[in-house]
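Engineer: If you read the sequences in order, they're chains A and B. Last residue of the first sequence: number 664 in the numbering used here, and the count goes up by one each step with no gaps. Last residue of the second sequence: number 1210 in the numbering used here, and the count goes up by one each step with no gaps.
No lab work stands behind these hints: they were computed from the structure. Keep in mind that the hints are not guaranteed to be accurate.
Stated by the list, open to error - Ranges between beta-carbon positions, derived for each pair:
(1) 465/A <-> 1210/B: 44 to 50 angstroms
(2) 1205/B <-> 391/A: 46 to 52 angstroms
(3) 639/A <-> 1061/B: 55 to 61 angstroms
(4) 1130/B <-> 148/A: 28 to 34 angstroms
Beta carbons: idealized from backbone N, C-alpha and C, even for Gly.
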Amino acid sequence: MAASSIQAPSRALLRRPKATTGALSWFTTVDHKKLGILYIVTAAVFMGIGGLEAILIRLQLATPDGTILTASQYNQAFTMHGTTMVFLVVMPLAAGFGNYLMPLQIGARDVAFPRINALGYWAFLTGGLFLYSSIFLGGMASGGWFGYAPLSTGDNLAASALAGTPFVGSGQTFWALGLIFTGLGSLVGAINFIVTIVNMRAPGMRLMRMPVFTWMITVISFLLLFAMPVITVALIEMFVDRQYGTSFFTTANGGDPLLWQHLFWIFGHPEVYILILPGMGIVSEILPTAARKPLFGYSFVVFSGVAIGFMGWGVWAHHMFATGLGPVAVTAFSLSTMFIAVPTGVKIFNWIATLWGGAIKFTVPMMFSIAFIGLFVVGGLSGVTHAFAAHDRQQTDTYYIVAHFHYVLFGGGMMAFIGGAYFYFPKMFGRMLNERVGKLNFWLMFIGTNLTFGPMHILGLEGQPRRTYTYPEGLNWEHWNLVATIGSLILALSFVVFLGNWIWSIGMKKGEIAGDDPWDGRTLEWSISSPPPEYNFAVVPQVENRDDFWHRKYTEDENGFLVRRISGGADDGATKSAPTTTLEKRDLGDAGDGPHDGDDQGDHGGHGDGHGIHLPNPSYHPLVLALGLPFIGWGLINHWGLLIPGAIFVFWGVVGWMLEPASE
Amino acid sequence: MKGSDVSAVSTHNDEHASSTGYSNNKVAMWAFLGSECLFFGAFISSYLLYKNRAGPAATEPYPKDLFDIPFTSVTSFILLVSSLSMVLALSAIQKNDPRRMRVWLVCTAALGMLFVACQVFEFTEFLREGMSPASSVAATAFYILTGIHGAHVTIGVLMLLGQAGASLVDERRGAPWTAARSEGVEIFGLYWHFVDIVWIIIFTVIYLIK
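Could you put together the complete structure from these sequences and hints?
Structural biologist: As structure tokens, this is what we get:
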């Protein structure tokens, strides 16, 4: 047939990439596992930047009347620290772990929309780089991570010193546009996750058989789906206020700064759960594996997560108790905030009950998970104290609040993610991380967390305000501030140890070869090789149980004791044996005569070696499309000429995308 | 050979057995429209908050002084009729008639463009009468809500024209669309009807409620 006229231009412009290995393949990949690693590594880099900002803040506050940062620099540091950690570290970590694990856990070979998935990553990266480009272009945002008007609608403090330079005073505009771009990435990523989970589960993988981590990814995908548009609207309104002199949030023309607060927190409180639920999911995977028991009350844990997802929409105004909402609203939101502690508490008790009577192995991931429970309880309880409006009005905008959300997000979320990194590292890279270094890493991080954030409770109760760049001597704050600074340096050291462990294991190739199932895992991702092949499952698994892989390995004897099923070459089941060979034999056997070889699998089935499995091809177009975003951003900040390359990239990306089949 | 490329586009998502029986594309569009509800909801809330507000620095006229309800009713009618022609386009392709489908798709797009043109006319008229987007918070909220909706209609027009064009190109290549391709039309139709329904809400909120 004649060469297609519509495909010719895209072919001429960018030849379809073929390589699936090598450095270049990372720019064109649509493989969910590679994208997952890209998300995690990029988030780790942003973590370094955000951590550096945190260290600067702590050094500034180590002594009274600190002089390391000016007031303006300090404002930029805490604003970008919060923004980075929330939008460029924890959310992408959730997307990264979700991308890597969720398709493996539901027995899928791929996600529903591989190129949209890639666009999600590239929009996050280009949006994040755009946000940080403001550091070279007249100063970063300085209105706090929540960007309250009128702080965020006025000019930056940096403006006065450098007036006349391009972009000066636009830091907060960079912030608004950058978050719109990364939000776009989160939204398309969430749609991809939802469709994948709804539509692409392996045969027999009913919803109530899905691993808890996948369940939590489901919940946060829906939260993202409904929360991102709200913040996008708020950011668009902030952008037009700043750029075109409108007055959504300024009082002069009748605008109301509280509208920003409502829109921001209607997004912001579901966002809190977007940040913590993936960590809860990871812990819910690690605890049963290390305790060698099924998760206690699986359905309770799942439904608690779903309940948190729903109730998370009804508590936003507890961030605004001090704004004068009136007694009815304050009472209502006080009550709903107390109620949302219930499903959270249910989960805590389920985790503890999972440990009860288990044959616990204190591996590094397990230590992080147990620390997660403890630290999250501390943060959760201080959260409950904020449900009491009278108490909250006393503590709001003090370091008590800072202590609270760092205990939940760092002591909770980050501990879970680091534990998850230790847990899934062998699956991702095929080598173990060093256990002894890991334990050093854990203790440094555990001690550092408590030294840094524990004293902030006391400082807050003694009245030290947040977001204030110095404090005078003689307020009795010196001691605990110094302790917190020392703690933050210990935390920084723990991350250096963590990085060193990665380099030792895969950089220097010293890590022990992991094998398919190093932890004696329970779910499908452990049934395939480490790292998994590109097509994940040579034969799509037939799922018969919750914790299906565990049930393939173990059964109960007549007295109810756990016994390993007869399998080729498996030793005591501790580690690094080859239980999966049995599985693969079983699967291959099935493939010959089994139900998977039927029509429903098309050309997927029946090839145990993975040849002939049809996977989507790599593509340049998600990257090309995302490259347009920063140019559009710079263009919109009064540099109209830059809109042209931005439009070219977007047009090129969209048209090339549409003319290019997902797989050929 | 190239013809098989085209069919690969349409069958890719069918290759995965879908757990729900609905195709991935359709579930994704429904999810996206769910998200859009909150997007428009937040803009509509902003408008409702500000529609009667004027701060000390605000300048007249305000939106409610300028509305031409009969004119906007006609443009709303145009948009609603476009939903009918969208349905007819889907019905045509379901009956294996790609030519009639293209006629109705172009007709839908034309009605959409007419709606956007009327909106541009309305905006220029309001600007001429002295209501700039920054003159009062009510004006800002009005312009941004209706403007964002107009942008959605414009994107819809581009999608419809793109679909009609793709169908034409495939036909020239000897692979005319059949009922097997109707789901793509149906999915774009979902978007189009959603944008229409949102307009009914916006029209009521802005122009009809005092």
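Engineer: Hint by hint, say whether it matches the structure.
Structural biologist: We went through each hint and held it up to the structure:
The given range of 44 to 50 angstroms is respected by residue 465/A and residue 1210/B, whose C-beta atoms sit roughly 46 angstroms from each other. The given range of 46 to 52 angstroms is broken by residue 1205/B and residue 391/A, whose C-beta atoms sit roughly 39 angstroms from each other. Range check, residue 639/A to residue 1061/B: about 33 angstroms between beta-carbon atoms, so the 55 to 61 angstroms window is missed. Distance hint for residue 1130/B and residue 148/A: a CB-CB separation of about 33 angstroms, consistent with the stated range 28 to 34 angstroms.
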